[in-house]
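> Take a look at the letters that make up each chain.
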Amino acid sequence: DQQVKQNSPSLSVQEGRISILNCDYTNSMFDYFLWYKKYPAEGPTFLISISSIKDKNEDGRFTVFLNKSAKHLSLHIVPSQPGDSAVYFCAATKGLNSGGSNYKLTFGKGTLLTVNP
Amino acid sequence: EAGVTQFPSHSVIEKGQTVTLRCDPISGHDNLYWYRRVMGKEIKFLLHFVKESKQDESGMPNNRFLAERTGGTYSTLKVQPAELEDSGVYFCASSQRLANYNEQFFGPGTRLTVL
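Residue numbers (the working numbering), protein chains in the order written: chain D, 87 to 203; chain P, 93 to 207.
This is chain D alone, in the form it adopts within the complex:
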């Protein structure tokens, strides 16, 4: 039973345009959400996160939006650059205040983003 779902295996956008990556979750106990970026032959690298008490978090070109009622989050990259081409993983966790004990991450399957020059 997959608790974090990324329904788009791939996404292709033009350089300079906006990239929107989507993620849905089913476990209402999750209270912290993260996006990781992964290049081939490397481990995932933390990109941006959001706590369930917020609905938006912005860091430079990257913004994550959280819609708790819909159990949906999205990552916006604007403007997209060729160097952003990678697999993006959505992840969720239960913090200590939500009954979690170790912040283990539950990941989606990832979305391959290709930014064309």
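Calculated directly from the structure, the hints in this document are not laboratory data.
Bear in mind the structure is a predicted one, so any value in this text is a computation, not a measurement.
Check each hint, because a few of them may be wrong.
[To be verified] Under the rule of at most 20 Å between Cα atoms (straight-line distance), these lysine to aspartate or glutamate pairs were calculated in the EDC-like manner:
| # | chain 1 | residue 1 | chain 2 | residue 2 |
| --- | --- | --- | --- | --- |
| 1 | P | K170 | P | D148 |
| 2 | D | K180 | P | E195 |
| 3 | D | K142 | P | E195 |
| 4 | P | K136 | D | D87 |
| 5 | D | K140 | P | E195 |
| 6 | P | K133 | D | E128 |
| 7 | D | K180 | P | D122 |
| 8 | P | K136 | D | D117 |
| 9 | P | K146 | P | E177 |
| 10 | D | K180 | P | D116 |
| 11 | D | K154 | D | E144 |
| 12 | P | K107 | P | E177 |
| 13 | P | K136 | P | E177 |
Starting from the structure of chain D, add chain P where the hints point.
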């Protein structure tokens, strides 16, 4: 500061053989996690150490997998005997204290192929 390192980067073994994967976390990180990604699927949690103690083994597939973290430093993950379905990329991650959420830093992974 050195990141999380894993050894080997690749391992190809035959079904029934034994393989040991090693992870060296970032110095000073008490929390160490093992994850696995089977091809085309999500990255799945295997287990979590705090220093040398196993805190959560709920993701370990079966008793063919044995993880250790002697002295609370590096960790090993042994698969014995390996089966075809064990093929995948094994990631190790480490983080500092758990009082607030702390970013998990991932290693490059070990790609295991069981033939």
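> It remains to establish, for every hint, whether it holds in the given structure.
Hint-by-hint comparison with the structure:
For the hint linking P:K170 to P:D148, the alpha-carbon distance of about 17 Å falls within 20 Å, and the restraint holds. As the CA atoms of D:K180 and P:E195 are separated by approximately 14 Å, the hinted pair is consistent with the 20 Å bound. The suggested pairing of D:K142 with P:E195 holds, with an alpha-carbon distance near 19 Å, which does not exceed 20 Å. For the hint linking P:K136 to D:D87, the alpha-carbon distance of about 12 Å falls within 20 Å, and the restraint holds.
With a C-alpha separation of about 18 Å, the suggested pair D:K140 and P:E195 falls inside the 20 Å cut-off, and the hint holds. Distance restraint check for P:K133 and D:E128: the Cα-Cα separation of roughly 17 Å lies within the 20 Å cut-off, and the hinted pair is therefore satisfied. Restraint check for D:K180 and P:D122: the C-alpha separation of about 19 Å stays at or below 20 Å, so the hint holds. Restraint check: the Cα-Cα separation between P:K136 and D:D117 comes to about 18 Å, which is no more than 20 Å; the hinted pair holds.
Our distance criterion of 20 Å between C-alpha atoms is broken by P:K146 and P:E177, whose separation comes to about 24 Å. Taking the CA atoms of D:K180 and P:D116, the gap is about 25 Å. The hint is violated against a cut of 20 Å. Note on D:K154 and D:E144: the hinted pairing holds, with a Cα-Cα distance of about 17 Å set against a maximum of 20 Å. About 10 Å separates the Cα atoms of P:K107 and P:E177, which keeps this hinted pair within 20 Å; it holds.
Restraint check: the Cα-Cα separation between P:K136 and P:E177 comes to about 14 Å, which is no more than 20 Å; the hinted pair holds.
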